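Sequence order for the protein chains is L and Z. The numbering of the first sequence is our numbering, which starts it at 1 and goes up by one. The numbering of the second sequence is our numbering, which starts it at 117 and goes up by one.
In short, the hints are calculated from the structure, not lab data. Predicted, not measured: the structure shown is a model, and the values here were computed from it. Any given hint might turn out to be false.
[To be verified] DEER-style ranges, computed between Cβ atoms:
(1) Z/Lys160 - L/Glu15: 29 to 35 Å
(2) Z/Asp134 - L/Asp81: 45 to 51 Å
(3) L/Glu15 - Z/Arg179: 44 to 50 Å
(4) L/Ser28 - Z/Asn167: 26 to 32 Å
(5) Z/Ala119 - L/Asn62: 17 to 23 Å
(6) L/Ser74 - Z/Pro124: 36 to 42 Å
(7) Z/Lys160 - L/Lys70: 23 to 29 Å
(8) L/Gln69 - Z/Asn173: 45 to 51 Å
(9) L/Gln44 - Z/Asp186: 41 to 47 Å
[Claimed, not checked] Residues of chain L placed beyond 12 Å of chain Z at every Cβ, according to the derived structure:
(10) Glu17
(11) Gln56
(12) Gln83
(13) Thr108
[Stated by the list, open to error] Covered stretches of chain Z (in silico footprint by chain L; criterion: 3 or more residues with CB under 8 Å from a CB of chain L, positions within the stretch not fixed):
(14) 146–158
(15) 166–172
(16) 204–210
Using N, Cα and C, we set each Cβ at its ideal position, and we do this for glycine too.
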Amino acid sequence: AQTVTQSQPEMSVQEAETVTLSCTYDTSESDYYLFWYKQPPSRQMILVIRQEAYKQQNATENRFSVNFQKAAKSFSLKISDSQLGDAAMYFCAYRSGGFGNEKLTFGTGTRLTIIP
Amino acid sequence: DTAVSQTPKYLVTQMGNDKSIKCEQNLGHDTMYWYKQDSKKFLKIMFSYNNKELIINETVPNRFSPKSPDKAHLNLHINSLELGDSAVYFCASSQSGRRGELFFGEGSRLTVL
């Protein structure tokens, strides 16, 4: 079974600075998807960024980028120019399963605090 | 238009009662899920349905009964509620085969007293 590990329960960063959230996973599959979701106090789960394992290029979405190291099974999230609205729980997730049998397995989350 | 909507958003009830949560998605997806988020924020899959057929049942107690009348709806009925059932329950949907993200509802916070 796939497992996802987030080793940083809490992180904090000064507004406008850069922060990196760590994620590692364990799998025997060669083709899969990885995601970072954000959960602000509103409780809504919001997709931040996704990465296809077969793509070597790291995904980027505006201020958010990932460092995907397939051999090391590492998938970290970098947030540049941190803003107050970035304060949230961040979850790393792995998508597994075949057709019609897919599911997301989540890490335990990292609570990110932005210091004004 | 809300893509995945759940009702109710909040439930407060006594131990031993029965409650239901309803979910609807208008994204045309064929797969729907129930996830449970506990007090430590850990998200764990409970069930998934693909085209109304139960696919994943992650060793959830029999007191939990999912039902999918059609592929746009997935309901969760919980019998004989226990204190440990207090959590936020998320409905989600996706399209099988595309291996993209899951789209989540806003969650339903259940408090059992």
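Cβ distance range 23 to 29 Å for Z/Lys160 and L/Lys70, holds or violated: Roughly 26 Å apart at Cβ, these two residues keep to the hinted range, so it holds.
Range agreement (Cβ of Z/Arg179 with Cβ of L/Glu15, hint 44 to 50 Å): 46 Å, holds
Distal placement of L/Gln56 relative to chain Z, Cβ over 12 Å: Label holds. Min Cβ-Cβ 17 Å, cutoff 12 Å.
Range agreement (Cβ of Z/Pro124 with Cβ of L/Ser74, hint 36 to 42 Å): 40 Å, holds
Chain L over the stretch 204–210 of chain Z, status - at least 3 residues with CB closer than 8 Å: holds (count 4)
Outcome of range test on Cβ distance (Z/Asp134, L/Asp81; 45 to 51 Å): 49 Å, holds
Outcome of range test on Cβ distance (L/Gln69, Z/Asn173; 45 to 51 Å): Given range 45 to 51 Å: violated, Cβ gap about 34 Å.
Range hint compliance [Cβ, L/Gln44 to Z/Asp186, 41 to 47 Å]: About 25 Å separates the Cβ atoms of L/Gln44 and Z/Asp186, which means 41 to 47 Å is violated.
Check on L/Gln83 being off the interface with chain Z, judged by Cβ distance over 12 Å: L/Gln83 is indeed farther than 12 Å from all Cβ atoms of chain Z, at 22 Å.
CB-CB spacing for L/Asn62 and Z/Ala119 relative to the 17 to 23 Å hint: 21 Å, holds
Beta-carbon spacing of Z/Lys160 to L/Glu15 - inside the hinted bounds 29 to 35 Å or not: 33 Å, holds
Assessment of proposed distance window 26 to 32 Å (beta carbons of L/Ser28, Z/Asn167): 28 Å, holds
This entry does not satisfy hints 8, 9, 13, going by the numbered hints stated previously.
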